[in-house]
Amino acid sequence: MQGQSALLWIAFNPPELDDIYLDDEYTEHPKVHELLEEIAALIKKRGWVVGDYGTSYYEDRPPSYLWDEE
Amino acid sequence: MAWNDIPAKDDPNLTFQAYYVRLNVLGSLLGRFSVGLLGTLWDVGENRPLSGLYRSALIGDLIADLIRGLQLDEVTTFNPRVGDWFVHSGDTRYVDEQTAEILLRDGTRITGTVRSDCRITNTASSNMRGIDDASLVVGRLISPTRFDLVAAGYRDPLASLGRDARGNLQRNLLALNSRRTEYLPTIRYEGLSNEMVLMAAVRDTAERFAIAVRDQGTWKLLYDANDEPEHETRHQEVFRLFASLTFEALRIQVHPGANHGNGPTDLTLTLNDSVCVIEFKKDREPKKLRHGLTNQLPLYMQAAGANWGYYIAMCHEREPSEIEAELAALAQIGPEAIDVIAIDCRRKKSASKAGL
Chain C
1 MQGQSALLWI
11 AFNPPELDDI
21 YLDDEYTEHP
31 KVHELLEEIA
41 ALIKKRGWVV
51 GDYGTSYYED
61 RPPSYLWDEE
Chain W
1 MAWNDIPAKD
11 DPNLTFQAYY
21 VRLNVLGSLL
31 GRFSVGLLGT
41 LWDVGENRPL
51 SGLYRSALIG
61 DLIADLIRGL
71 QLDEVTTFNP
81 RVGDWFVHSG
91 DTRYVDEQTA
101 EILLRDGTRI
111 TGTVRSDCRI
121 TNTASSNMRG
131 IDDASLVVGR
141 LISPTRFDLV
151 AAGYRDPLAS
161 LGRDARGNLQ
171 RNLLALNSRR
181 TEYLPTIRYE
191 GLSNEMVLMA
201 AVRDTAERFA
211 IAVRDQGTWK
221 LLYDANDEPE
231 HETRHQEVFR
241 LFASLTFEAL
251 RIQVHPGANH
261 GNGPTDLTLT
271 LNDSVCVIEF
281 KKDREPKKLR
291 HGLTNQLPLY
301 MQAAGANWGY
311 YIAMCHEREP
321 SEIEAELAAL
331 AQIGPEAIDV
341 IAIDCRRKKS
351 ASKAGL
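Sequence lines, in order, name chains C and W.
Just so you know, the first sequence maps onto residues 1 to 70 in our numbering.
Just so you know, the second sequence maps onto residues 1 to 356 in our numbering.
Treat the hints as calculated values from the structure; they're not laboratory data.
Honestly, I wouldn't trust all of these hints.
What the hints assert, rightly or not - If you anchor each label on the Cβ, the simulated ranges turn out as follows:
1) C/Asp24 <-> W/Asp106: 49 to 55 Å
2) W/Asn122 <-> C/Pro30: 34 to 40 Å
3) C/Pro30 <-> W/Glu317: 33 to 39 Å
4) C/Asp24 <-> W/Thr186: 16 to 22 Å
5) W/Glu190 <-> C/Glu38: 19 to 25 Å
6) C/Glu38 <-> W/Pro264: 37 to 43 Å
7) C/Glu38 <-> W/Arg188: 18 to 24 Å
8) W/Arg146 <-> C/Glu34: 30 to 36 Å
9) W/Gly107 <-> C/Asp24: 51 to 57 Å
10) C/His33 <-> W/Ser321: 23 to 29 Å
To be verified - Below are the DSBU-like pairs computed for lysine-lysine, each with C-alpha atoms no more than 35 Å apart in a straight line:
11) W/Lys282 <-> W/Lys9
12) C/Lys31 <-> W/Lys349
13) W/Lys287 <-> W/Lys220
14) W/Lys282 <-> W/Lys349
15) C/Lys45 <-> W/Lys287
16) C/Lys45 <-> W/Lys282
17) C/Lys31 <-> W/Lys282
18) W/Lys282 <-> C/Lys44
19) W/Lys287 <-> C/Lys44
20) W/Lys348 <-> C/Lys31
21) C/Lys45 <-> C/Lys31
22) W/Lys9 <-> C/Lys31
Glycine residues also receive a C-beta, built at the ideal position from the N, C-alpha and C atoms.
Using the sequences and the accompanying hints, generate a full structural model.
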């Protein structure tokens, strides 16, 4: 969307008011769930976290933890 | 050809104002993650002012990326096979309100059903009437005489096409300026960390990119005019083309050539505090291919503070499964946080020339 069209859209629908939060219902969709399970398996395999891939994962660890642990 | 001499697939600034779309068929071209995102983004427009404008832009931008990314050809310039996707910018004849017809170069007439529930804008029905020579149609052949009418809309003029210092049109393959962040809401996932979302988005894109390159004609973009493999920057650009909807909706920032202290990465991706470094490497020089995985990428990741990296081997010469096995073995003794994918970029024979 460009030019006047974009301005019109933003005027009626400011993007900052449009954050969409997708809940469990979305992530339980078979295709999405399958992908997330694969990634969760990778994460567990790598020992990044034990448990589910929910918010408990990784919250208290800085991005550089892999390199700082030693 | 449309009203200009640049096919839609080669237009670096292709823009498309969609007025009709079959969303479920379009979804078959997307990955597991992005197809769900598209549905969510589509639903946002429901019951909102200017919803037609929003949806037209959403679909138009996606279609423009797919036309270029999949190198969709004008259907009257080749003999399409069942399953082939195509564009059409000449006459589309609407026999009645429910049937569209295109005349192929061999004289075959293919017809597609026009569905009222697929109209995005109020003006769609007036556009899809009689002989329409102004619109761009995207379709997929489903039998020798039938096609899925997947999308229809107007191709915008090339007014935005850049010119170089001599005034010549710049025909760089891809123009990667973000358009969507002007109007798309930000998608967030309750219960998922940024790391998880970033990994899902990258994995989804890499898988989609691999299929497109291997099976759907995208490999053509990875060779130059002399039929030699392009520089890796081209591979990165094409990857970004497939990433754009997902990354922009999730507000994943893309930093091509970011230098974190020990040289420029191919792509550094960030989602808030999560960082991923992606390295692309062609398979021409095995030593370089191994070095990229065991030395180069880990160093980039360390400098970038990335806990996870993605190594994409672009196989122009060798069997991808062999390369993936070799690299996977190396990855096991290297950093644990690198995913490896080997993508088949080898040239595919045209069906019309196969066996000659």
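Against the structure, the hints come out as follows:
1. The given range of 49 to 55 Å is respected by C/Asp24 and W/Asp106, whose C-beta atoms sit roughly 53 Å from each other.
2. Against the hinted window of 34 to 40 Å, the Cβ-Cβ separation of W/Asn122 and C/Pro30 comes to about 35 Å, which satisfies the hint.
3. Take C/Pro30 and W/Glu317: their Cβ atoms lie about 37 Å apart, and the range 33 to 39 Å holds.
4. Between C/Asp24 and W/Thr186 the C-beta distance comes to about 19 Å, which sits within the given range of 16 to 22 Å.
5. Distance hint check: the CB atoms of W/Glu190 and C/Glu38 are about 20 Å apart, consistent with the given range 19 to 25 Å.
6. At about 30 Å, the beta-carbon gap between C/Glu38 and W/Pro264 misses the expected band of 37 to 43 Å.
7. A hinted range of 18 to 24 Å for the beta carbons of C/Glu38 and W/Arg188 is consistent with their spacing of about 21 Å.
8. Between W/Arg146 and C/Glu34, the C-beta spacing of about 32 Å keeps the proposed range 30 to 36 Å intact.
9. Taking 51 to 57 Å as the suggested C-beta distance range, the pair W/Gly107 and C/Asp24 conforms, at roughly 55 Å.
10. Roughly 27 Å separates the CB atoms of C/His33 and W/Ser321, a value that falls within the hinted 23 to 29 Å.
11. Restraint check: the Cα-Cα separation between W/Lys282 and W/Lys9 comes to about 24 Å, which is no more than 35 Å; the hinted pair holds.
12. Distance hint between C/Lys31 and W/Lys349 is fulfilled; the C-alpha atoms sit about 33 Å from each other, no more than 35 Å.
13. Straight-line distance between C-alpha atoms of W/Lys287 and W/Lys220 comes to about 26 Å, which keeps the hinted pair within the 35 Å bound.
14. The suggested pairing of W/Lys282 with W/Lys349 holds, with an alpha-carbon distance near 21 Å, which does not exceed 35 Å.
15. For the hint linking C/Lys45 to W/Lys287, the alpha-carbon distance of about 28 Å falls within 35 Å, and the restraint holds.
16. About 28 Å separates the Cα atoms of C/Lys45 and W/Lys282, which keeps this hinted pair within 35 Å; it holds.
17. Between C/Lys31 and W/Lys282, the direct Cα distance comes to roughly 31 Å. Compliance with the 35 Å bound is thereby established for this hinted pair.
18. For the given pair, W/Lys282 sits about 30 Å from C/Lys44 by alpha-carbon distance, which is consistent with the 35 Å threshold.
19. Proximity of W/Lys287 to C/Lys44 is assessed by CA-CA distance (about 31 Å); at most 35 Å being required, the pair is judged to hold.
20. For the hint linking W/Lys348 to C/Lys31, the alpha-carbon distance of about 30 Å falls within 35 Å, and the restraint holds.
21. Restraint check: the Cα-Cα separation between C/Lys45 and C/Lys31 comes to about 21 Å, which is no more than 35 Å; the hinted pair holds.
22. Among the hinted pairs, W/Lys9 with C/Lys31 is consistent with the structure: their alpha-carbon atoms are about 30 Å apart, no more than 35 Å.
Comparing the model with each numbered hint stated earlier shows that hint 6 is the single one that does not hold.
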